[in-house]
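There are 2 protein chains.
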Amino acid sequence: MIRIGVDAMGGDYAPKEQVEGAMLAIQKIDDIEITLYGDVEQIKALLKNDERIKIVPSHYVIPMGEKDPIRAIKEHPDASMSMALASLRKDENDAVVSSGATQALIAGAHILVRRMQGFKRTAIAPLIPSVSGRPTILLDSGANLEIRPEHMLQQAYFAAVYSKEVLGVENPKVGLINIGTEDGKGRDLDKEAFHLFTETDLFDFYGNVEPKQVLDPPCDILISDGFTANIVMKTIEGTAKGMGVILKKELSSSLLSKIGALFAMKSLKHFKKAISAEEIGGALIYGLYRPVIKAQGASKAYGFYNGIRQAATIVRSGVFEKVEARLKEVKANESESE
Amino acid sequence: MIRIGVDAMGGDYAPKEQVEGAMLAIQKIDDIEITLYGDVEQIKALLKNDERIKIVPSHYVIPMGEKDPIRAIKEHPDASMSMALASLRKDENDAVVSSGATQALIAGAHILVRRMQGFKRTAIAPLIPSVSGRPTILLDSGANLEIRPEHMLQQAYFAAVYSKEVLGVENPKVGLINIGTEDGKGRDLDKEAFHLFTETDLFDFYGNVEPKQVLDPPCDILISDGFTANIVMKTIEGTAKGMGVILKKELSSSLLSKIGALFAMKSLKHFKKAISAEEIGGALIYGLYRPVIKAQGASKAYGFYNGIRQAATIVRSGVFEKVEARLKEVKANESESE
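Chains A and B, in that order, give the protein sequences.
The working numbering numbers the first residue of the first sequence as 557 and each following residue consecutively.
The working numbering numbers the first residue of the second sequence as 557 and each following residue consecutively.
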């Protein structure tokens, strides 16, 4: 049995959607068991079936807009998020899923979860939609604003293994987010990363990719520092939202187009779904000993279920063990050649 | 008469769309005269009316994908772009419009056009669409990848004057592109710029703006360094393009939605137009003595005409003179207080 710890209280619609998502996961996935961390009364009122689900009481909820996440985590070991994270260290779970505040989850993972041996910097890596239907891994979406090319190399390697083992991509390619496609473009960080990625045999490097291609990239992984990739992610979100509003306005501007919109409604709903993070799961935090998945704050039951499914797939795939073993190997070779 | 120099040979569809755009501008705007720099034979074949239009022959065209723009400009003073730019220094024109290669135009402006006194770093500032219909100024979209907060302050000030005098915004507000809205977010550059912008009385500072709001911002100007803002611009483009493809796929997925799409076609066309740069003109290069407008490389006649219209509006507004005078004043005050 794969043991998934769930922060039942984190998220815009917690605990309702989290508990329902957990029930859906139990129903659809045979080899998991779930521990819900949260308010026992509230959870019990929502839980219609407790097969393979248990509840561990928590007594605090870290708010979604928490301004000082590090302090919040340190001061509240009894928070649902803190307890779920701490369960990994105690070997009570194999993975944790939360849709609580992103920065608190990153801080909590730092403080409460053991790091993967040899992995130098954490990163957070959401899956973003693409025209092809195959999601792209975007990282680092905000764990480390300033970073060195060597850290990016490790993160890209992790993403490549993840892409292959969890997403089933045969020969995953890594692309470096940049303002131009030619070699020599960008800031010093980008140039150094380009050079390092060209030399490595850890993964297949495609080259520089301009965000003009962000939803139709020639690669499976898009990487930059935690500031840039976060800006990319939020710009995609803002553009999709803004275009939605403009399109809606346009479609209700005349009777003819209103009729058209009615006929096209189902497609427009699909469209919205295709670009929504609900469909493709959550963001994985890289650099930890075990998987911690950040589901969208606004997750509904189905989206949260997808986060749980993703966590189970990761555990099943053994990707963490594979990466850790390889990093040890690389380190051993480095020591030898010194 | 406002004298506009036009690089007739730069752009994906040059010289056809450039010459047609110039004729359209002459027809619609009374107080301008245009000099076309380019191949005389080709231009003459396209020019149906030479009222207030003259041709100056050039003998080279800088290619759209030019890899070494600085060398290209230096080696080809006889290129249409170089000649148009050089005409400013000789006081033969009041403004220049080109849809040639962006980096070549920035390099050419650096080399061939006098700088505005007191302005420390150039920037390039396109207008991007917004949900409200009022365009947002986005800068620096790629002139200087690494920059200091003081340079950003000057650029933001220029943008604020431009927004008021050219775009007619009553009290333009400046927003700092960042990964969070709170004070203290971002890299050192962002924190320092936040501090500087809070203190200044040169313009009205809104605060940090996340790109989640990029098409519906609470401000009129969005500013960051030349790497970040370029990434934002290209991510908007990539998302819009990708969403267009996904939407098209969806709308032809069933007979019902095909019918819907037919009815909604006009709205969808409007939508495409609303998010297109054609409608709202080109990108202005900041920091020069006179306006240089970069129209989109893929400009058609109407888009190019909009670039010319924008150039004429800038000259008429006197915004360059106003900013230069104020910068002198600021500098004089600084010297006094030293």
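It is possible that some hints are incorrect.
With a straight-line Cα cutoff of 25 Å, these simulated DSS-like cross-link-like pairs (lysine-lysine) come out [said to hold, decoys possible]:
#1 B:Lys805 - A:Lys814
#2 B:Lys822 - A:Lys805
#3 B:Lys797 - A:Lys822
#4 A:Lys804 - A:Lys825
#5 A:Lys676 - B:Lys729
#6 A:Lys741 - B:Lys822
#7 B:Lys797 - A:Lys805
#8 A:Lys822 - B:Lys825
#9 B:Lys805 - A:Lys623
#10 B:Lys630 - A:Lys805
#11 B:Lys884 - B:Lys856
#12 B:Lys768 - A:Lys825
#13 B:Lys630 - A:Lys822
Covered stretches of chain A, going by a simulated chain B footprint (3 or more residues, C-beta under 8 Å) [unchecked claim]:
#14 694-703
#15 722-730
#16 787-797
#17 810-817
#18 861-868
Between beta-carbon pairs, the in silico distance windows are [said to hold, decoys possible]:
#19 B:Lys630 - A:Glu877: 55 to 65 Å
#20 A:Lys825 - B:Asn889: 33 to 43 Å
#21 A:Ile667 - B:Asp739: 18 to 28 Å
#22 B:Ser809 - A:Asp739: 33 to 43 Å
To be clear, the hints were calculated from the coordinates, so they are not data collected in a lab.
Keep in mind it's a predicted model, so treat the numbers as computed, not measured.
Virtual Cβ for every residue (Gly too), placed ideally from N, Cα, C.
Between the region 694-703 of chain A and chain B, see if three or more residues pass the 8 Å beta-carbon test, and mark the coverage as holds or violated. holds (count 3)
Holds or violated: are the alpha carbons of Lys822 of chain A and Lys825 of chain B at most 25 Å from each other? holds, 20 Å
Agreement of Lys797 of chain B and Lys822 of chain A with the hint, judged by alpha carbon distance not exceeding 25 Å: holds, 21 Å
Is it true that Ile667 of chain A and Asp739 of chain B lie within 18 to 28 Å of each other by Cβ? 24 Å Cβ-Cβ, so the 18 to 28 Å window holds.
Taking 33 to 43 Å as the stated bounds, is the beta-carbon spacing between Lys825 of chain A and Asn889 of chain B within them? The hinted range 33 to 43 Å is violated for Lys825 of chain A and Asn889 of chain B, with Cβ atoms some 59 Å apart.
Taking 25 Å as the top limit, are the C-alpha atoms of Lys768 of chain B and Lys825 of chain A close enough? Holds: Lys768 of chain B and Lys825 of chain A sit about 21 Å apart, inside 25 Å.
Pair hint outcome, Lys676 of chain A versus Lys729 of chain B [Cα-Cα no greater than 25 Å]: Violated, because 41 Å separates the two Cα atoms, which is more than 25 Å.
Satisfaction of hint between Lys825 of chain A and Lys804 of chain A, Cα-Cα up to 25 Å: holds, 12 Å
Given the hint that Lys805 of chain B pairs with Lys814 of chain A, does the C-alpha gap stay at or below 25 Å? Holds, at about 20 Å.
Does Lys856 of chain B sit within 25 Å of Lys884 of chain B, going by the straight-line distance between their CA atoms? violated, 39 Å
Keeping to a limit of 25 Å between CA atoms, is the pair of Lys630 of chain B and Lys822 of chain A held or broken? violated, 56 Å
Given the hint that Lys805 of chain B pairs with Lys623 of chain A, test it: the Cα-Cα distance must not exceed 25 Å. violated, 42 Å
When the structure is compared with the earlier hints, violations turn up for hints 5, 6, 9, 10, 11, 13, 15, 18 and 20 and for no others.
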